[in-house]
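Chain order of the listed sequences is H, Y and G. For the first sequence, this note's numbering gives the first residue as 10, with consecutive numbering after it. For the second sequence, this note's numbering gives the first residue as 5, with consecutive numbering after it. For the third sequence, this note's numbering gives the first residue as 12, with consecutive numbering after it.
It is worth saying that the hints were derived from the structure and are not from the lab. Please note: incorrect hints may appear among the correct ones.
Stated by the list, open to error - Subject to a maximum C-alpha distance of 20 Å in a straight line, what follows is the list of computed EDC-like cross-link-like pairs (lysine to aspartate or glutamate):
id : chain 1 : residue 1 : chain 2 : residue 2
1  : H       : K131      : Y       : E35
2  : Y       : K55       : Y       : D69
3  : G       : K19       : H       : D64
4  : Y       : K59       : G       : E92
5  : Y       : K59       : H       : D138
6  : G       : K89       : Y       : E35
7  : Y       : K72       : G       : D16
8  : Y       : K55       : G       : E15
9  : H       : K169      : G       : D29
10 : G       : K19       : H       : E23
11 : H       : K181      : H       : D138
12 : H       : K181      : G       : E15
13 : H       : K182      : G       : D16
14 : Y       : K97       : Y       : E35
15 : Y       : K59       : G       : D29
As the list claims (entries may be wrong) - Which chain Y residues face chain G? A few, computed with CB under 8 Å, are given here:
id : residue
16 : V43
17 : L57
18 : V79
19 : S81
20 : L124
21 : V136
What the hints assert, rightly or not - Under 8 Å between C-beta atoms, here's a sample of chain H residues computed to sit facing chain G:
id : residue
22 : G42
23 : F45
24 : R55
25 : A56
26 : L125
27 : D126
28 : Y148
29 : L183
The beta carbon of each residue, even a glycine, is placed where N, CA and C say it ideally should be.
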Amino acid sequence: MNALTLAEAETPLERARSGDHDAFAELVERHEGMVFSIALHFFDDRARAEEIAQDVFLQLYRSMGEIETDAHLLFWLRQVTSRRCIDGVRRARMRLVSFEDIGEVPAKTHAADPLLDRKLQKLIAGLPDHQRIIVTLRYQEDLDPSEICGIVGMPVNTVKSHLHRALVALRKKLGDH
Amino acid sequence: MRKFAILIFLAALAAPLHAQRLNLDFPSIAERASESTDVTLDGPMLRLAAKFLDKSDHDEQQARDIIKSLTGIYVHSYEFEHEGEYDRSVVEKVRAQLGPSWKSMVTVRSRVKENVDIYLDMRGENIAGLLVIDAEPRELTLVNLVGPIDLDRLASLEGEFGIPHFSKGEREKDKEKERKHE
Amino acid sequence: MHLEDNLKRALARQSAPDGFAERVMNAVNAVSAEARPSPGASRHPLPEGEGRGIRRGWRAIAAGLVLTAVAGGWAAEKAIERREGERAREEVLVALHIASAKVRVAQQHVHEIGSH
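Just need the whole structure built from these sequences, with the hints factored in.
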């Protein structure tokens, strides 16, 4: 085995693909925050987010053979988490706070207002399913509509339209014209 | 028979020492509601919840401190499609359960909006329970916190939720705290 | 502040709960143990005279299964407790949020009366 092949074989992804559990654990630790946060921002429910995240990583374990590169792994995790969120919402229990329940929030806000963060999270949790996952991928993962469309399996213009409608709805609720 | 009488006497003596849990469960109201939120957490569930509240999050730490001394949290909140869709006599049914130790702290009456009543279960100097009744035309919320409640902590939690503090003195104290943090 | 900046802050990545990776790895280990062929599951018959060895083998498998069941039961119980704990936590936050919002309404009214 030459030096290059050895170096390649030493990446956690390669080792995980060949059945190394420690390497797989390393991948879980590296990406758990991203997967958990997508589900958390979608459901606004920590227990449910953890359940979804666990399922995603179990599915990853079973599908390790399909993962080709680190970039592919990232794409795969975002896609599977998004799909599981959308599928899981059908079984979701009734949301405790509906979109209309959130009171008006003043437009002028402090730079790090935890109350505003919480209100925004609840407002996002009240958006329609596709808008919710698109907003999460756009602002949590900082992805462009052209990147999001591949993850959610929609034309880029549909993604843009969902994003636009979500922002209009959030602005309306926040009085941020 | 004598032993039985003594037991009853002791039980009667002991009863006032325990905070009172009120019955806020009205299934007929829940059936008519378009949205409902029911939270029923007794002592063991509160202890379990406390373990899962994030100590590094200020709000959650405050919540943890509040529930530490509580033995129950009961919240029933109902929303209705139309005005007058719930039987207002339930409010009286809740009030009827209040013993002599319960004192009315605040009563807000509004013709068009909310009617809020806050009662405290006072055992001497100590607060042993809290009841909030918010009866609005399309919403009914009943909150019962059972156990010693530190109102300062509750007020500081409200401050953290962006709720203004009550007294001028309290506001001044908070401004002083903010200055220290800066 | 611009809505998009607020959204980025509100939707910032959060840490997974403590011990998350460990729980995933426990589940992964359970899955890979299931997938691994059991030593007693050989399709080839063993020669005569090895009965005692087979019985010993079966005892070992049975003991392993009992241990796995006990460990699995314990892990399942812990998972249920954790799920209930997270749910209780959410409910506490909702309940206190509702309670404080209602107290605020009353306080605001009293404050308005006091300022007149």
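Discussion item. Output the indices of the hints that this structure fails to meet, ascending.
Written reply: 1, 3, 5, 6, 7, 8, 9, 10 and 20
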